Amino acid sequence: MSAPAKPVLVGKSVLRKEDGPLLRGQGRFAADINFPDQIYMRVVRSTYAHGRIVSVDLAPALAIPGVVAAWSFKDVADIPPIDFRLTRLEQLAAYRQTILAKDKVRYVGDPVAVVFAEDPYLAEDAAEHVDVEIEELPVILHADGEVGEFRDGLPTETALIEKNYGDVDAAFAGAHATVELTLSIGRHSGVPMETRGAIGRYIAETDMLEMYGAAKVPHWNRDQLAKMFGRTAANTNLFEGHVGGGFGIRGEMYPEDVLVCLAALRLGRPVKWIEDRREHLIAANHSRQQTHHIRAAIDINGNILAIDDEFFHDQGGYMRTHAATVPDLAAAMLPGPYRIPAYRARGHIRLTNKTPGGTYRAPGRYESTFVRERLLDAVAAKVGIDGVEVRRRNLIPVSEMPVTRALETLGTDIVLDSGDYAKLLDKALDGIGWSTLLAQIDERRKAGELVGAGIGMFVEKSGLGPFDDVRITVGIDGKIEVVTGAASVGQGVETVIAQICAEKLGAGYDAISVIHGQTDRIARGLGAFASRVSVMTGEATRQAALKLRDNALAAASELMQLPADQLDIINGEIVRLDGSTGPSMSLAEIAKALEPGSNLVGDKEPGLFAEASFESKHMTYPYGVHVAVVSLARDTGGVTVERYLVAYDIGKAINPMLIDGQIVGGVAQGLGGALYEEFSYDDRGEPLAVTFADYLMPTAREVPQVDVIITEDAPSPLNPMGLKGAGEGGANAVGAAIAAAIDDALGQPGAITRLPVSPQRVRELINGIA
Amino acid sequence: MTDKSDITLTINGKAHAIRVEARRTLADAIREECGQTGTHIGCEHGVCGACTVLVNGEPVRSCLMFAQQADGKQIRTVEGLARGDEMHVMQRAFMENHGLQCGFCTPGFLMLAVGVLERELDISDHDLVDVLSSNLCRCTGYQNIIKAVRAAAIEMRQS
Numbered sequence: 000m001s002a003p004a005k006p007v008l009v010g011k012s013v014l015r016k017e018d019g020p021l022l023r024g025q026g027r028f029a030a031d032i033n034f035p036d037q038i039y040m041r042v043v044r045s046t047y048a049h050g051r052i053v054s055v056d057l058a059p060a061l062a063i064p065g066v067v068a069a070w071s072f073k074d075v076a077d078i079p080p081i082d083f084r085l086t087r088l089e090q091l092a093a094y095r096q097t098i099l100a101k102d103k104v105r106y107v108g109d110p111v112a113v114v115f116a117e118d119p120y121l122a123e124d125a126a127e128h129v130d131v132e133i134e135e136l137p138v139i140l141h142a143d144g145e146v147g148e149f150r151d152g153l154p155t156e157t158a159l160i161e162k163n164y165g166d167v168d169a170a171f172a173g174a175h176a177t178v179e180l181t182l183s184i185g186r187h188s189g190v191p192m193e194t195r196g197a198i199g200r201y202i203a204e205t206d207m208l209e210m211y212g213a214a215k216v217p218h219w220n221r222d223q224l225a226k227m228f229g230r231t232a233a234n235t236n237l238f239e240g241h242v243g244g245g246f247g248i249r250g251e252m253y254p255e256d257v258l259v260c261l262a263a264l265r266l267g268r269p270v271k272w273i274e275d276r277r278e279h280l281i282a283a284n285h286s287r288q289q290t291h292h293i294r295a296a297i298d299i300n301g302n303i304l305a306i307d308d309e310f311f312h313d314q315g316g317y318m319r320t321h322a323a324t325v326p327d328l329a330a331a332m333l334p335g336p337y338r339i340p341a342y343r344a345r346g347h348i349r350l351t352n353k354t355p356g357g358t359y360r361a362p363g364r365y366e367s368t369f370v371r372e373r374l375l376d377a378v379a380a381k382v383g384i385d386g387v388e389v390r391r392r393n394l395i396p397v398s399e400m401p402v403t404r405a406l407e408t409l410g411t412d413i414v415l416d417s418g419d420y421a422k423l424l425d426k427a428l429d430g431i432g433w434s435t436l437l438a439q440i441d442e443r444r445k446a447g448e449l450v451g452a453g454i455g456m457f458v459e460k461s462g463l464g465p466f467d468d469v470r471i472t473v474g475i476d477g478k479i480e481v482v483t484g485a486a487s488v489g490q491g492v493e494t495v496i497a498q499i500c501a502e503k504l505g506a507g508y509d510a511i512s513v514i515h516g517q518t519d520r521i522a523r524g525l526g527a528f529a530s531r532v533s534v535m536t537g538e539a540t541r542q543a544a545l546k547l548r549d550n551a552l553a554a555a556s557e558l559m560q561l562p563a564d565q566l567d568i569i570n571g572e573i574v575r576l577d578g579s580t581g582p583s584m585s586l587a588e589i590a591k592a593l594e595p596g597s598n599l600v601g602d603k604e605p606g607l608f609a610e611a612s613f614e615s616k617h618m619t620y621p622y623g624v625h626v627a628v629v630s631l632a633r634d635t636g637g638v639t640v641e642r643y644l645v646a647y648d649i650g651k652a653i654n655p656m657l658i659d660g661q662i663v664g665g666v667a668q669g670l671g672g673a674l675y676e677e678f679s680y681d682d683r684g685e686p687l688a689v690t691f692a693d694y695l696m697p698t699a700r701e702v703p704q705v706d707v708i709i710t711e712d713a714p715s716p717l718n719p720m721g722l723k724g725a726g727e728g729g730a731n732a733v734g735a736a737i738a739a740a741i742d743d744a745l746g747q748p749g750a751i752t753r754l755p756v757s758p759q760r761v762r763e764l765i766n767g768i769a
Numbered sequence: 000m001t002d003k004s005d006i007t008l009t010i011n012g013k014a015h016a017i018r019v020e021a022r023r024t025l026a027d028a029i030r031e032e033c034g035q036t037g038t039h040i041g042c043e044h045g046v047c048g049a050c051t052v053l054v055n056g057e058p059v060r061s062c063l064m065f066a067q068q069a070d071g072k073q074i075r076t077v078e079g080l081a082r083g084d085e086m087h088v089m090q091r092a093f094m095e096n097h098g099l100q101c102g103f104c105t106p107g108f109l110m111l112a113v114g115v116l117e118r119e120l121d122i123s124d125h126d127l128v129d130v131l132s133s134n135l136c137r138c139t140g141y142q143n144i145i146k147a148v149r150a151a152a153i154e155m156r157q158s
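Keeping their order, the protein sequence lines are chains A and B. Residue 483 in numbering that gives the first Met the number 0 is what sits at position 484 of the first sequence, and the numbering runs on without skipping anything. Residue 32 in numbering that gives the first Met the number 0 is what sits at position 33 of the second sequence, and the numbering runs on without skipping anything.
Hints were generated in silico from the structure; no laboratory data involved. Hints may contain errors.
Straight-line alpha carbon distances no greater than 25 Å define the calculated DMTMM-like cross-link-like pairs of lysine to aspartate or glutamate that follow [claimed, not checked]:
#1 B:3 to A:127
#2 B:13 to B:57
#3 A:16 to B:57
#4 B:146 to A:706
#5 A:591 to A:476
For clarity, every value in this text was computed on a predicted model and none was experimentally measured.
The shape of chain A in the complex, shown without the other chains (with noise of 0.2 Å):
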C-alpha cells in the first residue's frame, strides 16, 4: 500500500479560516472590547481650519457630575509629539502632530482636548461644555499655490523629493516633439467600515500598560508608546483583534492612541475610546491630493526619451507618520512598466489647513499612475496613434528583466524583478474581447451613444522587508499554532499562512491557527502594510514548515526506528514511504515525546517547534492592465461603468478566491476616487464632507461585475515559492482607465485632467465648454 497523496494547499481557494466567527457575531471589533470599571473618552475637535488657540476652559466640563478628568495642551506637554515610521527626513520632525494642539489649530477636526466621563453619551455632553477660544487665521487650502508659514519662520513647504537619472535636459532638447500635461488627484481615503477605536489599560500590581484596538503595525506602535512614556517595550503591550479595514490608514498611530494610554496610566482606569464617523472623516488620514505637472520628450514613433514631472503634494496640517512616503512612492514609482531612458520628479510637500494625510491602497501610485497612463494617451495622440500602441512601443520588454530603475523608495532601490508586461497586456485585451469591443464601440456611438473604453497598466511594489520573523509550534493535542509578527486588517492573512504551513508541513489546514498582531507573542514585528503579508511572512512560513517537518521526522526517525528519509507527514500523521506496515505516529504523539523531562529530549529544548525569518532586501514587483468601459448620460453627465477587467500578474497565488476578492474590492475603492470621493472643503477650511450623505462611496449599484485574469508568468526570483503581494493592484489604475475611458466616450483625447470627474464636468464637457 503506498502512501496516501500530499495535498496541495498552496494555489487553492480553500475557504477562510478568519469566516466562521464573523459570520455569527462573535468579531471582536474594538469597540466590542470592555473592561470593568472603564472610563471613556471624548475628543474635543477644532471647530476652525486655522487659529491661535486663545484659551481653552475645562471647568464647565469637569463640574459635570460623572466627569472624570479633562485636559488640554498643558495638561500632556510632557508627552513628545508622534514620531514617523517610515520615509523620515529630519527636517520634516518640526512638523509633527502633538497630542492636543499646543498653541494653534491647523485643520477643522484637530484635538484641542479631552474629557473622560463614566458614560460615552455623558463623554460626549462633556466635551460640548469645554470653552475654546479661537482667534481664526487666514487659511492655506491650496498646495500649489504661496508657501506660507507653519509657524517660527518654518515655511509650509516641508521638504522637496527630488528623484532622477540620465540626462532630462538633453533629453527635451533633442526630441521630435514634447507632450505637456498638468492633472490633479482629488483627496480621498480609505474610510473603513469600523471606525478607528482604542482601549487603554494599567495593570499596576505588574506594571503593564496594554493598549487594545491595535492594528497594521501593532509592534512599532508598541515601541513607540513605550518611548513616549519612557517605559520599555517589556512592560507594553499592544494586541490586535478583528480590524474592520485598514487600507492603510487604519493602525498607524494617532493622538488617540498616546491619549488613551495615557489616561489609563494617569487615571488607573481603563480608557475606551472609538470614534464616530464624524470624526473619521476629519480626523483619520486622508490621501491623495496632488497636482502634477508633467512633460515627455518623444521621438517621431511616441518612444518616451525623458519624462520630467513637478507635483505638489497636498499634506494637510501636520506630518504624520508616514512623513514623505506618499510622494516618495509617487515619484519613484510614476515610470510604471516602461522603458524610459531619463526621468526626473521634483514632489514639492506642501501643509495646508485640512486633514493631515497619510497612506491609502496603492499610496503615490494611484496619482501616479493616472498621471503617467494621461501621459501616454497624450503622448498616442500627439503621433497619431492609439492607446494600445503607445504602450506597446515603451514597455520594457521582458528581455530586459530584470530592470535597475535608478531610484530608491521605502529604504529599498527600485529593481523590477520579474515580468513580461507585453504578454499581460494581449491577455488582458483577450479577455476582454478588445477588436470585438472596438466594433460595438463603433456601433453604439452611430447609434449616437456616448460609449468608450480606456486602459491604465501599472506597476505594483509588494513584499517590503527587511524580515518577518514565524514560530511554530505543534500542540500535544496535535493543534498547530504559527506566532507571526503580522498584523490582519480583513485580508485572510490566517487563511494563506495556514495554507503554507499545512502544505510544506504535511499537516492539517484546519488543525492550524495564526497568531498576529500580539506583542506579547513574539518579541518583533512589522505588520501589515505595502502589500507584504503573503511574501515575508509567507515565505517565513515556509521556512519554519519545513524545519519543523525535519524535527518532527528526526524524532519520529528514532521513535519509530526507521531513517527520516523514508517517513513523510501527511494530514498530520507520519506515513512510512516504504510500504512497509508497522504502528504509526502523529504530530500529536510525537509532541508528547518531545514534552520536557521525556527521554527524547535529552538536553536539547523541549517541545515539537521550529522558527525562521525572512529577510529581504528587495521588493517584488506585481504588475496588471485594467480596462475600461463606461457610458455617459447626455443629460446627466452621469458615467456608468460597464465593464471593467484586471489583468494581474501575482508571480504565485497562494490563494486565488482571496486574490480576486483583494483586486475587486481595490476596483471599487478606485471607482470612488475616480468618480465620487472628495473630501471637498469650502474657502475657510470648513470641511464639505463629513458624513456618508456628502462622502459618497459606491454601493452594489456602482460597482460593475469586474472580470479578473490572474496570471502567474513572472514569479519572483527573491522567493522560493515566487511571491507576489495582491493588495494594491485592484485600486492602482483605476483612475487612469475610468480617464481614458471618459475621454474615448467624449470623443477627445485630454479631457480629463482631474480626478474625480464629477457628473458637472462630464455635462460641461459634452456641451463643449472647456
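Starting from the known structure of chain A, arrange chain B on it as the hints suggest.
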C-alpha cells in the same frame, strides 16, 4: 439626562429587561445593555447599514431607532441566525462565495438579506441589487455579496 425607563428588548427570543435613557439608540442598547456585539455601528446616521437588525421581521437601522421604541418588539440579530453549530443558509453562502473580508459590515448585510428574502422570496435579481445597495461594504466590491445572496435565495426557495 436621567429620564431612564424600564423596557424589555426581546432579542433572538430572549427577553432582556433593561433601563435606558430616552435618547439611547437601539444599536447601543443591543450591544451594551444586552451584550450582543454582533450588531456593528458604522456611521450612526443610517447610511451604512452595518447596524441592520430585524424588528418584527423588518430590516431596521438600529442606530436610527431608540431602544424605547423597540420595547416589547421581536428583534433578531446576527447571533440568532445559526442553529447551534449549523450556520444559516445565508451565512454559509457568504462563506462559500467569499462574501466578506474584514467582516465588519457582514452582520448588517446578513440581516438585510435574510429580512428581505423572508418577506419576498421571489425578489428579482435586479431588485435584490437595489436592496443590497442600501448597505455599504468597503472590502469586497459587492460582487461576492450579490453572488452569496443570490445563491442563498435559490437555496431558500428550494427548501
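### Task
Tell me, in ascending order, the numbers of any earlier hints that this structure violates.
When the structure is compared with the hints, only number 3 turns out to be violated.
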